[in-house]
Every structure is written in structure tokens, then in C-alpha cells.
Amino acid sequence: MIWQLELALFIMLILVAVIALEVRDLVAALAALTAYSFIAAALLAIMGAVDVALTEASLGAGITGVLLVGGISLMRRRSVD
Amino acid sequence: MKWLTLAFLISFLGLFIYVSADLPDRGDPHAPGNTHLAAEFIELTGEEIEIPNIVSAILADFRAHDTLGETIVIFTAGLAVLLVLQVGYKRND
Amino acid sequence: MTERHDSIILHFVVRVFMVPFIVMFGAYVFIHGELSPGGGFQAGAIVASAFVLARLTLGTNHSSPRIQAHYLIWLASFGVGIYVLAGLIPMFFGANFLDYNSLPTEWFNDIAEHHRTARAMGLFIVEVGVFIAVFSVLVTMYDHLTFQHREEQDD
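Chains as they are written, first to last, in the numbering used here: chain V, 1 to 81; chain P, 1 to 93; chain L, 1 to 155.
Take these hints with a grain of salt, some might be off.
Result set (SDA-like, lysine to any residue): computed pairs, CA atoms no more than 20 Å apart in a straight line [to be verified]:
#1 K2(P) to G14(P)
#2 K2(P) to Y18(P)
#3 K2(P) to E22(V)
#4 K2(P) to L21(V)
#5 K2(P) to A45(V)
#6 K2(P) to F12(P)
Under 10 Å between C-beta atoms, here's a sample of chain P residues computed to sit facing chain L [claimed, not checked]:
#7 T5
#8 A31
#9 I49
#10 P52
#11 V55
#12 D61
#13 H65
#14 T67
#15 L68
#16 A77
#17 L79
#18 L85
Computed spacing ranges between beta-carbons, pair by pair [said to hold, decoys possible]:
#19 L83(P) to A95(L): 29 to 39 Å
#20 M1(P) to R78(V): 40 to 50 Å
#21 F25(L) to E48(P): 44 to 54 Å
#22 L4(P) to V13(L): 50 to 60 Å
#23 G69(P) to F78(L): 11 to 21 Å
#24 L13(P) to V13(L): 40 to 50 Å
#25 D66(P) to W107(L): 21 to 31 Å
#26 L5(V) to E47(P): 47 to 57 Å
#27 R4(L) to A39(P): 36 to 46 Å
#28 E48(P) to I9(L): 18 to 28 Å
#29 L85(L) to D25(V): 24 to 34 Å
#30 G33(P) to A95(L): 29 to 39 Å
#31 G14(P) to S102(L): 51 to 61 Å
Derived from the structure by calculation, the hints contain no laboratory data. For glycine and all other residues, C-beta sits at the position ideal for the given N, C-alpha and C.
Bound conformation, chain V alone (with noise of 0.2 Å):
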């Protein structure tokens, strides 16, 4: 329950989410979606909610990653738009 810790985390989060939706390399999208997942894990610990986290940690900053790797590495690596 440290209002500090907790405010510099959101602003991380924030940061993070607006990196991985400008920035053009797929990859370091995914690396910047693996970390906004991280984030929000250790928010929802902080918050109480063990089990949350422990989905979130597990499967966003886990699996995820490894499966869109495996996705973008079907198709060509940097976004058009």
C-alpha cells in the first residue's frame, strides 16, 4: 500500500503502453507488451489480487510473448501503417 510505488508504476505502465503502440518493429512492440504485462502483474499483487497476478504474470508476461514471437515470425517484422 505505497501510494508512491504504486503512482510510479501506473506512469510506467502508461509509458509502456504508448511505446508499444508507436513504435514500428514488431518485435520490440511484443517487448514492450511482455513489459505492460509485467507491470500490471505487480499492480494486481500490490492491489490484493494474488490470483490475478499470478494469471497475468504467467500467461501475458509468460506464454504470450513466446506465441506472437512465433506469430510475427510468419510474416514480415515491421508494421505498414
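Since the structure of chain V is provided, determine the placement of chains P and L on it from the hints.
Just chains P and L now, kept in the frame of chain V:
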């Protein structure tokens, strides 16, 4: 046009911040969302299921139909990946 | 993503430390799902990430156990079938769908000499089904997403 969108979003941000002052505290037992079913779940988990983790009890017992649907959704996702990506499948013979 | 990396340090660390630890942690999360945070869904994702790690470093064709992708989807439907059976069996005893109260679990309490309610037993059976389904679906997704690499590598 871009500035109009930005002004619209900033006004909504101000509205959300204004409204969030009226929200109940996190984990408040007297908040409207926590008074109706949550107390009953906490009581019934201790009485009828006798396991310490209330979240597991809610997920797999009180809300078992939801978890069944969730498992079927994941299974369907696996089937969809299998069907879409097996297009170029050829056996080595 | 499916070729074998020729680094003995990577092989040693992955085979001796990481994969056994991750599988053991997944088993802990699964078995303690009723006592502490965790459950079938999280444990399935953790164990699947151990298998994916083995396939990333040791190569899909070299990682053991060598479970083929088209058997894994059978395993996933087996997991969903466990869940549906745990819902259907109470209906033969006159209860509703997924009403674990009428599951016949007294024989297990007699063997284990430890009292568990029928609803806790049904909850554990359901978690087993979710674990098998989530684990096998995630490994299936990885295998099919990297299938083209394996095909190019075979040529």
C-alpha cells in the same frame, strides 16, 4: 481535427478524475459491490466446501459454468490455430 | 525457432536447472491451488512455458518428451472431457449439471483417512481437466506456429 479529438479525450479524462473521487475505497466491505453476493460466497466457502482459497472455490464451484465456457473457448482457440496453420501441411512420404 | 542451439552452457542451464524447476513450480501451483493462489489455469500455463523453453533451446525434434502436435489436440479434448464428465456424472444421481455435492467420493475419504467434502473433490477434478486442456492447447499453438520453420529445416 486531431486537436478536436485530443480536447475531447482530455475533457473525458477530467470527467473520470472528477468521478473517481466518489468511488468507494479499495476493499471496502460496505461498498455496494461487496455487500450482495461476496459475503455469501465467503460464508458458504467455509461451511460447505471447506477449502481456504475462496477464489478457487468461486471459479470452479459457484461459477463452474463460466469456467466450463472459458475452457471451451481456449480449446476452440487451439482448434482454430490447428485448422488455419495446417494449410501448408504436407507429409514426408 | 525450432533449430537446436549449439551452446553447452545453454543446454546445461536449461536441462539441469530451468526446466525441472519450472515443472516443479507448476506442480506446486497446481496442487496448492486450493490453499494458496493458483489453480489449473495458471499451472497449465507455467508447465506449457517449460515445454516451450525446452523446444526453443534444444530444438523441437530433440526436446524430450517428444509429444507430437496432433496428439496434443486429442489431449486437450480429453481435458475438456474430464470437465464435462465431472458435470454430467452428478446428473445420473439426480442432481443438476456441475453439482458436485452428489459426486460419489466417500470411498476416497475412506482410503485417504482424511475428510474432504464432495464439492472440494469435484473442484479438484475440474482443475485437473482445466490443467490438461490449457497445457496442451498452448503447446499445440507453439508447435503449429513454428511448423513452417521445421519444414524448411527438413529440406
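How the hints compare with the structure:
1. K2(P) to G14(P): 19 Å, holds
2. K2(P) to Y18(P): Distance ~25 Å between K2(P) and Y18(P) Cα, so the pair is violated.
3. K2(P) to E22(V): 16 Å, holds
4. K2(P) to L21(V): 17 Å, holds
5. K2(P) to A45(V): 37 Å, violated
6. K2(P) to F12(P): 16 Å, holds
7. T5: 36 Å, violated
8. A31: Hint on A31(P): violated, closest Cβ of chain L at ~23 Å, above 10 Å.
9. I49: Given a least distance of 5 Å, the restraint on I49(P) holds.
10. P52: 5 Å, holds
11. V55: 7 Å, holds
12. D61: Holds, about 5 Å.
13. H65: Hint holds; H65(P) Cβ to chain L Cβ min 6 Å, cut 10 Å.
14. T67: Status holds, d = 7 Å.
15. L68: Status holds, d = 6 Å.
16. A77: 7 Å, holds
17. L79: With a minimum Cβ separation of about 7 Å from chain L (threshold 10 Å), the hint on L79(P) holds.
18. L85: Holds. Min distance 4 Å.
19. L83(P) to A95(L): 29 to 39 Å: Given a distance of about 36 Å, which is inside 29 to 39 Å, the answer is holds.
20. M1(P) to R78(V): 40 to 50 Å: 27 Å, violated
21. F25(L) to E48(P): 44 to 54 Å: 31 Å, violated
22. L4(P) to V13(L): 50 to 60 Å: Roughly 55 Å apart at Cβ, these two residues keep to the hinted range, so it holds.
23. G69(P) to F78(L): 11 to 21 Å: 18 Å, holds
24. L13(P) to V13(L): 40 to 50 Å: 47 Å, holds
25. D66(P) to W107(L): 21 to 31 Å: 30 Å, holds
26. L5(V) to E47(P): 47 to 57 Å: 38 Å, violated
27. R4(L) to A39(P): 36 to 46 Å: 56 Å, violated
28. E48(P) to I9(L): 18 to 28 Å: 53 Å Cβ-Cβ, so the 18 to 28 Å window is violated.
29. L85(L) to D25(V): 24 to 34 Å: Hint violated: Cβ distance 47 Å, outside 24 to 34 Å.
30. G33(P) to A95(L): 29 to 39 Å: 31 Å, holds
31. G14(P) to S102(L): 51 to 61 Å: Because 55 Å falls inside the window, the suggested range holds.
Hints 2, 5, 7, 8, 20, 21, 26, 27, 28 and 29, counting from the list given before, are not met by this structure.
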